[in-house]
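Just need the whole structure built from these sequences, with the hints factored in.
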Amino acid sequence: DAGVIQSPRHEVTEMGQEVTLRCKPISGHNSLFWYRQTMMRGLELLIYFNNNVPIDDSGMPEDRFSAKMPNASFSTLKIQPSEPRDSAVYFCASSLPAPNTEAFFGQGTRLTVV
Amino acid sequence: QKEVEQNSGPLSVPEGAIASLNCTYSDRGSQSFFWYRQYSGKSPELIMFIYSNGDKEDGRFTAQLNKASQYVSLLIRDSQPSDSATYLCAVKSLEAGGTSYGKLTFGQGTILTVHP
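As you go down the protein sequences, you meet chains E and L in turn. The first sequence begins at 2 in the working numbering and counts up one residue at a time. The second sequence begins at 85 in the working numbering and counts up one residue at a time.
Don't take every hint at face value.
Unchecked claim - Covered stretches of chain L, going by a simulated chain E footprint (3 or more residues, C-beta under 8 Å): (1) 104-118; (2) 128-141; (3) 190-197.
None of these hints come from the bench; they were simulated from the model. Quick caveat, the model's predicted, so the values are computed rather than measured. A virtual CB, placed ideally from N, CA and C, is assigned to each residue, including glycine.
Written out as structure tokens, the structure reads:
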């Protein structure tokens, strides 16, 4: 398996533009997580899905952020409109939903909003 | 109170020494605990996990769990310069109102530097 695949790896956009980050989880993994990492706040859980259903989105910072998982092999995280403070590395991870199973991370998307 | 807290660091140890990394968590219902390592510019990767009270050893790494104290630690014996990285503690807990242990929450991370 190729692991968790994220795209793009790097994104530079202007303030106010829409940004869409993409993720393909490992086949067979029922849980999918979106995290944001910054120096100040560390690795924050934004939202996670079980069986394509959003379970906990309490970490989504505001209405400008939205996430979807239309099927078991694809998820998107959208920011509209983007702001400079959204600049961070966004990670997608997937795992089996059982308690003693690890989450595998994608390579991340480094987002810069100028 | 943050859900998962780690000792702030940064932590610097000489090569060959024991590095001790600590983590506390707030949810008593948490079921399993993970230690990840993250090199600069890379994604986190699993070192080991633990779910029973006591110690679990894997090579130079030992994870310790005390559920009564809500405390988990990672010891790295014979530290090497290649161990220099950020170490992240993660906790899997019951989703709100659910029965599935899916939510995986990370601490802030501790930066470890092993100097020759």
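Here's how the hints hold up against the structure:
With 3 residues bearing a CB less than 8 Å from a CB of chain E, the segment 104-118 of chain L meets the requirement of three and the coverage assertion stands. With a cut-off of 8 Å between beta carbons, the segment 128-141 of chain L has 5 residues touching chain E; three or more are needed, and the interface restraint holds. Against chain E, the segment 190-197 of chain L contributes 4 residues with a C-beta closer than 8 Å to a partner C-beta. That satisfies the three-residue criterion, and the hint holds.
Going through the hint list in order, the structure satisfies each hint without exception.
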